[in-house]
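Chemist: Sequences are here, hints too, so could you generate the full structure?
Numbering (full-length UniProt numbering), first residue to last: 1 to 716.
Hints may be right or wrong, so weigh each one.
[Stated by the list, open to error] In silico DSSO-like links for lysine-lysine, alpha-carbon gap of 27 Å or less:
#1 Lys689 <-> Lys705
#2 Lys676 <-> Lys688
#3 Lys510 <-> Lys119
#4 Lys379 <-> Lys602
#5 Lys609 <-> Lys688
#6 Lys609 <-> Lys381
#7 Lys689 <-> Lys609
#8 Lys609 <-> Lys711
#9 Lys676 <-> Lys609
#10 Lys381 <-> Lys676
#11 Lys333 <-> Lys343
#12 Lys460 <-> Lys510
#13 Lys602 <-> Lys363
#14 Lys364 <-> Lys609
#15 Lys360 <-> Lys334
#16 Lys343 <-> Lys330
#17 Lys379 <-> Lys364
#18 Lys460 <-> Lys333
#19 Lys602 <-> Lys364
#20 Lys79 <-> Lys119
#21 Lys689 <-> Lys714
#22 Lys711 <-> Lys688
#23 Lys609 <-> Lys363
#24 Lys609 <-> Lys460
#25 Lys360 <-> Lys381
#26 Lys376 <-> Lys360
#27 Lys119 <-> Lys689
#28 Lys609 <-> Lys376
#29 Lys381 <-> Lys363
#30 Lys330 <-> Lys460
#31 Lys364 <-> Lys376
#32 Lys119 <-> Lys538
#33 Lys506 <-> Lys460
#34 Lys381 <-> Lys364
#35 Lys705 <-> Lys79
#36 Lys566 <-> Lys711
#37 Lys379 <-> Lys609
[As the list claims (entries may be wrong)] Beta-carbon label-pair distances, calculated as ranges:
#38 Gln108 <-> Asp545: 47 to 53 Å
#39 Ser526 <-> Phe207: 35 to 41 Å
#40 Pro681 <-> Arg145: 50 to 56 Å
These are computed hints drawn from the structure, not numbers from a lab.
Glycine residues also receive a C-beta, built at the ideal position from the N, C-alpha and C atoms.
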Amino acid sequence: MTTVRQRRVGKGTEAAEDQPSEETNVKPDGKIPSDQTGGRLWNMLSIIVGGIVAISLGLLTSVYVATLHENDLWFSNIKEVEREISFRTECGLYYSYYKQMIQAASIQQGLHGLVYDNKTESVRTINILERMNVYQEVFLSILYRILPIQQYLEPVYFYIYTLFGLQAVYVIALYVTSWLLSGTWLSGVLAACWYITNRVDTTRVEFTIPLRENWALPFFAVQIAAITYLLRTHLQPVQERLTLLAVFIATFLFSLAWQFNQFMMLIQALALFILDCLDMLPTAKVTWLYIIQISGLLLVCALQFFNSMILGSLLISFNVSVLIARTIQKNLKKGGLLNRLGKLILHVLLVLCLTLLINKFIKKILNLESDEHIFKFLKAKFGFGATRDFDANLYLCEEAFGLLPLNTFTRLSETLLFYVYGFVLFLLTVAAVIVAFRNLSGSNQARLMEKMDECTIALKPDAAYNLVHTVLFGCLALSTMRMKYLWTSHMCVFASFGLCSTEVWKLVLKCVHLYTSQRTQVIKYSIPIITLLYISYKFWPGIMDELSELREFYDPDTVELMNWIKSNTPNTAVFAGSMQLLAGVKLCTGRTLTNHPHYEDKNLRERTKQIYQIYAKRSPGDVHGILRSFGTDYVILEDSICYERRHSRGCRLRDLLDVANGHIMDGLGENEPDLKPSLYPRFCEEIKKNLPSYTMHFTRVFQNKTFHVYKLAKHK
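Modeler: Next comes the structure, spelled out in structure tokens:
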């Protein structure tokens, strides 16, 4: 088991907003007044300073997480095998393809090895570029090979520095989004500071470097920034086209980097759909965003050799359904309140039915079952019946897929982020409800317009989009802890925007009858500055202490196992074991695997369930037959799984296998009435007794405190 141990030592300015030119500001002789010229120069200076601050904060964040990674593992001092072991579970699997491309005789041979891979899944040849999102590893390995840096930078450092560099892109994108929403780069500074001080809840890049989300989320943040700019008014046609291009590129890169892209963009499409139905976004721009999502995903589908999971995604079905339904219901946005509500309900039902029909039709045609485990998991998670499905329960029992812990809000409150976020969210939600009601009612009465004036200003299209975006992704984070990083980073943007927004403070002051323009400006700048000073005073010492704390990587049992495999087994040997461990086996030794952690394939899920019978109550003959059917030469048993205590009864891996096999679980507690006792003891425990019924099939060839390796007899 991996551990870390103590190392043994041998003012703000506003950005210019797009405003139509005012002829009254031009003198009769055609000259621009000096105060207007000065204002433009001041705005230009503000943009330059704000940009420099954004880049500086991005680079500082990158250096900060890189330093934490080095200090935690002493990465520069440990052996190569220890560095590779530090890439745990699926992280190690993804990095192994980068290593494979680096070590290939040529780029062409490296690509051929990925397209016709027979080492990731034994007795099968699979296309890695189709099954997994590893184009980033391919691109990075090619870049490393062609750049003259091999003598100065090791491949692993080129890889991790790229990921840490993307953190700079991430922070800059958050900064720019907040700046665009509020009109002042002070808001961006606050967003970046909140991101850094809430690092535990905003990123995990320093200890899960190759994880797909660490590649994808920076591009998602860039896409949100581009959408925020696109939704501003008074854009010139050239600006709009360039922004659409930026949205497309960011959407494409985000989709290419993460297998869960379709689900994230589906939530984004739902936000656009809701706002479009409520007349809070320009319909033409929303249509373009639907088309960009579809085209970006289809381009990724083509690059992934027409991956059927992408073609059968709900996102494509939903976006196509919205476009069809809009064509059918042309007068959707006309009429009074009741008329509009009736049309809206019909529109929603039509889109829902079309989405289900189109998705069902595509999956039927393609015989698609790759994502069925996700829907089984969701069905069980939200209480639509209990399940004995092994795959669904495997997700349900993982803490990362559980509800967001309440202590998350305690940590976010310590930096004042959650308090500010809640305040801004409440204000803008109320404004959104009022504006939506006004839009649906279609009233033009002057008195009503006067009442709504401040709400309309406080909820421009870009703010409306970010409001619904944060609400929907907040719901996702609350239901699934692993997805909190999509919410908490945007929470920094949304809270800082509200605290630095003229419109928000204008609304607040008008509500308490204290509004003046001067007072609004004073509050708009003073409160964010006070907040920044508080954050600096409270958290700067802690950050310094964190940066000075030195640890080192320590996992001698796994290092011993990997060294033994490399020295004592043939290169063609096939290994079976847990998904997490086998990813490390592939990376460190290059041996062939029976299964791995990339779970988005039905055949692999069935195979994994069969391999995991080594932890179930099965006869030695059955287990031997199952393992040999996948070409297994060696099986690795882990005490941490066989005698697991991390999960409670009912969620241990052996319990999930027992229930799936119809056997009663170990230990005190209730069992479902139809479960029966097994005829055989637990395999992983009984094999250690060296009984004849086991030794005729398995021979122990390696053992330490954590792992037991057995060689399989070749007899049939």
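Chemist: Which of the stated hints cannot be reconciled with the structure, identified by number in ascending sequence?
Modeler: 3, 15, 24, 27, 32
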